[in-house]
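Read top to bottom, the protein sequences are chains A and B. Read in the working numbering, the first sequence has 236 at position 236, and its numbers run on one by one without any break. Read in the working numbering, the second sequence has 217 at position 217, and its numbers run on one by one without any break.
Check before you lean on any hint, since a few could be wrong.
To be verified - Chain A side only, calculated, beta carbon under 7 Å to chain B, not exhaustive:
1. Ser108
2. Leu112
3. Met169
4. Gly206
5. Asp260
Stated by the list, open to error - The following residues of chain B were derived to be distant from chain A, with all beta-carbon distances above 10 Å:
6. Phe29
7. Ala173
8. Gln174
9. Asn257
10. Leu290
These are computed hints drawn from the structure, not numbers from a lab. Please read all numbers here as calculations on a predicted model, not as lab measurements. Ideal Cβ placement from N, Cα and C applies to all residues, glycine included.
Residue strings, one per chain:
Number of protein chains: 2
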Amino acid sequence: MSFDVAFGVDVGGTKILLLAINRDGEILFEGRRSTPQITTAPGQATAEQIHGLVDEALGSLQLSLDNVVIGVGLPGIMSLDGELVFAPNLLNDSGTRLAEVLRQIAPSMHVLCENDADCAAVAEHALGVARGVDNFVMVTLGTGIGGGIFVHGELLRGRSGFAGEIGHMVVDAQGPPCPCGSSGCWERYASGKGLARLGSLAAHEGRLPELVKARGGADNVRGEDVSAAATAGSSEALAVIREVGWWLALGVSNLANILDCGLVVIGGGLSDLSAMLIPPALEFLPTMVLGAAARPRVDMIASKFGERAGALGAGLLAFERLS
Amino acid sequence: MSFDVAFGVDVGGTKILLLAINRDGEILFEGRRSTPQITTAPGQATAEQIHGLVDEALGSLQLSLDNVVIGVGLPGIMSLDGELVFAPNLLNDSGTRLAEVLRQIAPSMHVLCENDADCAAVAEHALGVARGVDNFVMVTLGTGIGGGIFVHGELLRGRSGFAGEIGHMVVDAQGPPCPCGSSGCWERYASGKGLARLGSLAAHEGRLPELVKARGGADNVRGEDVSAAATAGSSEALAVIREVGWWLALGVSNLANILDCGLVVIGGGLSDLSAMLIPPALEFLPTMVLGAAARPRVDMIASKFGERAGALGAGLLAFERLS
Numbered sequence: 001m002s003f004d005v006a007f008g009v010d011v012g013g014t015k016i017l018l019l020a021i022n023r024d025g026e027i028l029f030e031g032r033r034s035t036p037q038i039t040t041a042p043g044q045a046t047a048e049q050i051h052g053l054v055d056e057a058l059g060s061l062q063l064s065l066d067n068v069v070i071g072v073g074l075p076g077i078m079s080l081d082g083e084l085v086f087a088p089n090l091l092n093d094s095g096t097r098l099a100e101v102l103r104q105i106a107p108s109m110h111v112l113c114e115n116d117a118d119c120a121a122v123a124e125h126a127l128g129v130a131r132g133v134d135n136f137v138m139v140t141l142g143t144g145i146g147g148g149i150f151v152h153g154e155l156l157r158g159r160s161g162f163a164g165e166i167g168h169m170v171v172d173a174q175g176p177p178c179p180c181g182s183s184g185c186w187e188r189y190a191s192g193k194g195l196a197r198l199g200s201l202a203a204h205e206g207r208l209p210e211l212v213k214a215r216g217g218a219d220n221v222r223g224e225d226v227s228a229a230a231t232a233g234s235s236e237a238l239a240v241i242r243e244v245g246w247w248l249a250l251g252v253s254n255l256a257n258i259l260d261c262g263l264v265v266i267g268g269g270l271s272d273l274s275a276m277l278i279p280p281a282l283e284f285l286p287t288m289v290l291g292a293a294a295r296p297r298v299d300m301i302a303s304k305f306g307e308r309a310g311a312l313g314a315g316l317l318a319f320e321r322l323s
Numbered sequence: 001m002s003f004d005v006a007f008g009v010d011v012g013g014t015k016i017l018l019l020a021i022n023r024d025g026e027i028l029f030e031g032r033r034s035t036p037q038i039t040t041a042p043g044q045a046t047a048e049q050i051h052g053l054v055d056e057a058l059g060s061l062q063l064s065l066d067n068v069v070i071g072v073g074l075p076g077i078m079s080l081d082g083e084l085v086f087a088p089n090l091l092n093d094s095g096t097r098l099a100e101v102l103r104q105i106a107p108s109m110h111v112l113c114e115n116d117a118d119c120a121a122v123a124e125h126a127l128g129v130a131r132g133v134d135n136f137v138m139v140t141l142g143t144g145i146g147g148g149i150f151v152h153g154e155l156l157r158g159r160s161g162f163a164g165e166i167g168h169m170v171v172d173a174q175g176p177p178c179p180c181g182s183s184g185c186w187e188r189y190a191s192g193k194g195l196a197r198l199g200s201l202a203a204h205e206g207r208l209p210e211l212v213k214a215r216g217g218a219d220n221v222r223g224e225d226v227s228a229a230a231t232a233g234s235s236e237a238l239a240v241i242r243e244v245g246w247w248l249a250l251g252v253s254n255l256a257n258i259l260d261c262g263l264v265v266i267g268g269g270l271s272d273l274s275a276m277l278i279p280p281a282l283e284f285l286p287t288m289v290l291g292a293a294a295r296p297r298v299d300m301i302a303s304k305f306g307e308r309a310g311a312l313g314a315g316l317l318a319f320e321r322l323s
């Protein structure tokens, strides 16, 4: 069957975004709902929320469910056959096959699920800054770090579909514990939580005196405060951003050494933060990659689609695999 | 042209191994020479030494140069078109195209060069313990750590052919400096040099009292002494091996998180050491890989071909690409 419209859905820890797109990736409809935080039968509340958004989009576009294919990006490791095996930020849905739950609600739904960062990588590869680039890594900076890897022009899935969990690469074995059970994971440093942690550390160590004063104490300094102060030009806040940029470069260098990717695309929910982190990271990177002087430069570019990349890519994957 | 015999050559930091093989990978001839340590025109001394070995093999098998294809594995990052871009343990040959130097000596030679760990991965994939495994990583433990990565059934080369430099993945950003310029690279811990370093540390910290006594001082304790004592059953030496095994598992866990490889093959020059390290590493691994309880186990197996894997794979690649 041939479809002209796909819905791409990106399920995050706090909100769900739906984009309706045509085959050129043009956005025909955009809708958002909050991610349900209630504990029901696994997957049920999330599926109902998605179904509500789908109904809204169908109504707005005057389409029926038979006319569309739907891709859903999920924040966790996904098996090749669509099970959300482990999702630390969507724990109630871990272990479910959300596509099956959705089809129980709406039996005629054409739907697939894929890892959210893989979806974002697909969007940037098809229509964004990684167009025509065979070897690149999509790094999504949010609360944690997600990853989608392209090698030799194809999405790297690995044995079970779990490839790309770059946020839990240990970069500092003596570092702080991570909820995943390891210590010193990359996302302890170069993510939203990483900025919050390094900012708090800097505040308590006296490296953010102005910000501590403005916030009424080191305990009140949050990651957003550091970003905002850095954007306003505060040199003490910029030094913390620079530190996070160093950690970003360190992980990117590891990926470049392992994968020989020529490009790293930085996206995710914290797009403003990404933009601030790229310049310092690009400064540090050539001092880190093995034999950097003798090889082509590894580039880092901000995602074209920002926080919409996941939903867009989920829609593109639905076109590719379901029609 | 069709060839019945390939020569696979593995150039290491101290010795050069040549294997003549048939299409079934059976070894028809084996020869060794030392790696020249003299500084001549880049690549020249190494090429002459290889040429000598080739002549010896041809004479022994009563073949002429026209009858064989030759693959050479080199210890460094190799470009897709055969330049040895950077080789810390073969510095005089860095920047050369060894195949061209060889053809200047013997114009009719059918020869290609490839990264040595990539060659080892090819051998294990074609005829060894990774036969039929689409996603695996070959980890070669020697002085440092080399890597060859298979994804989706194919050797991962990356943008320029440099993929697989897993030994310079930083796992301990606050760790000891590495000659590559970074700090805390994986090969500072889980390699021959890593064992030597961690053994020396243990000796100076009083954790190897018997060995220190036997060697007449902490300064005299070498990596080989720790291996030998561990093999003989010394519990204090086994504790150091266990520590190295923990670091081996840590890097393997990073690779599994990034690549979702189901198998890691441990090989390289230190085959005895590898065999000792695998059991403790396999104990630690399930506590490290993300969502390990919910996914299939990541296995680690000793290489089938040990220190011959590189030369064997170089020969197989010559069959594949030159005939």
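Looking back at the hints listed earlier, which ones does the structure fail to meet?
-> Hints 1, 2, 4, 7, 8, 9 and 10 are the ones this structure does not satisfy, whereas the remaining hints hold.
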